[in-house]
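Student: Here are the chains, one letter per residue:
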Amino acid sequence: MADGTTETEARKLAAEARDRVRFEEDALALADQVYRVARGFVGSREEAEDLVQDTYARAFRSWQQFTPGTNLRAWLLRILTNLNIDRARRQQRRPETQPLEEGDYFLYNKLEEQAGQPLEEEQVVERLSQHDIVSALSAVPHDFRDVLVLVDIGDFSYADAAQILDIPVGTVMSRLHRARRVLKRELADQTEDES
Amino acid sequence: MCDCIECEQMMQPYLDRVLSEPERREAEDHLAECDWCSARYRFETELRTYVRITYAETMRPELKAKLAALRTPLL
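Just so you know, the protein sequences line up as chains A and B, in that order.
Heads up: the first sequence begins at 1 in this note's numbering, then just goes up one per residue.
Heads up: the second sequence begins at 1 in this note's numbering, then just goes up one per residue.
Just chain A, with the same shape it has in the complex (with noise of 0.2 Å):
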């Protein structure tokens, strides 16, 4: 019987090394996805690389936590987004303010104003700058540019980010609207330091 036992947990053990085996290889193979979104959450390559990596070791370390069959990528973004709660207390930041926000066509007719004619569809990234946009989605305030992040870089739905960041799809919704304006605003604000 002792044999029979042995060779019972000997089976329960390779089993579990095979499922921790492919879950170790789908979370890898959404690595590029994960940093993207760490990209938008955090000021530089660096900060963004320290984050993936203790995200990755936290999933590794509780995999058995994971549902098989349920969203890996939502997963894997929750356990990121929380860790990037945390560093942002750790490094205390100023206490944001309350973003000054305008309505959806304010940059456009801010270019508009700039350039002295409608503007055509070429010219935004002639207008525009990617260390613009950088610096401009980091002005965003962190509640808010999250969702943003989520949804337009990293591509999730309203309830996935929902989930992800355990708040209701309204408030996604809100933030996200809100997030978007505040972009532009700060957009705006650039260009005008620039010309």
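If you are wondering where the hints come from, they were derived from the structure by calculation, not from laboratory data.
Ideal Cβ placement from N, Cα and C applies to all residues, glycine included.
There's no promise every hint is true.
Which residues of chain B face chain A? A few of them, derived with a C-beta cut under 7 Å, are [unchecked claim]:
| hint | residue |
| --- | --- |
| 1 | C2 |
| 2 | L15 |
| 3 | M59 |
Residues from chain B that keep clear of chain A, each with C-beta distances beyond 10 Å, as calculated [to be verified]:
| hint | residue |
| --- | --- |
| 4 | D3 |
| 5 | S20 |
| 6 | P22 |
| 7 | E23 |
| 8 | R25 |
| 9 | E26 |
| 10 | E28 |
| 11 | A32 |
| 12 | T58 |
With chain A's structure known, arrange chain B on it following the hints.
Tutor: Same frame as chain A, now just chain B:
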């Protein structure tokens, strides 16, 4: 048909494809006739794409290697 102010308010839900069918038709009817609004809608679409492209970088191979090294070693 809606006016330009209503059309501006519908921009984000329209581009997110969460408007109801009648609302979507209202916005599209307005956009078909209003160059002022449709230029702004095109601009917003471009801007969203541009934000996405800005963050489309892939991670450095060094980071990929570090993540793979975090895996549990097989016995």
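Student: Taking the hints in turn, state whether each one holds.
Tutor: Verification of the hints:
no.: 1; hint: C2; result: 14 Å, violated
no.: 2; hint: L15; result: 10 Å, violated
no.: 3; hint: M59; result: 4 Å, holds
no.: 4; hint: D3; result: 13 Å, holds
no.: 5; hint: S20; result: 15 Å, holds
no.: 6; hint: P22; result: 20 Å, holds
no.: 7; hint: E23; result: 15 Å, holds
no.: 8; hint: R25; result: 20 Å, holds
no.: 9; hint: E26; result: 16 Å, holds
no.: 10; hint: E28; result: 17 Å, holds
no.: 11; hint: A32; result: 17 Å, holds
no.: 12; hint: T58; result: 5 Å, violated
Checked against the numbered hints above, the structure breaks hints 1, 2, 12 and satisfies the rest.
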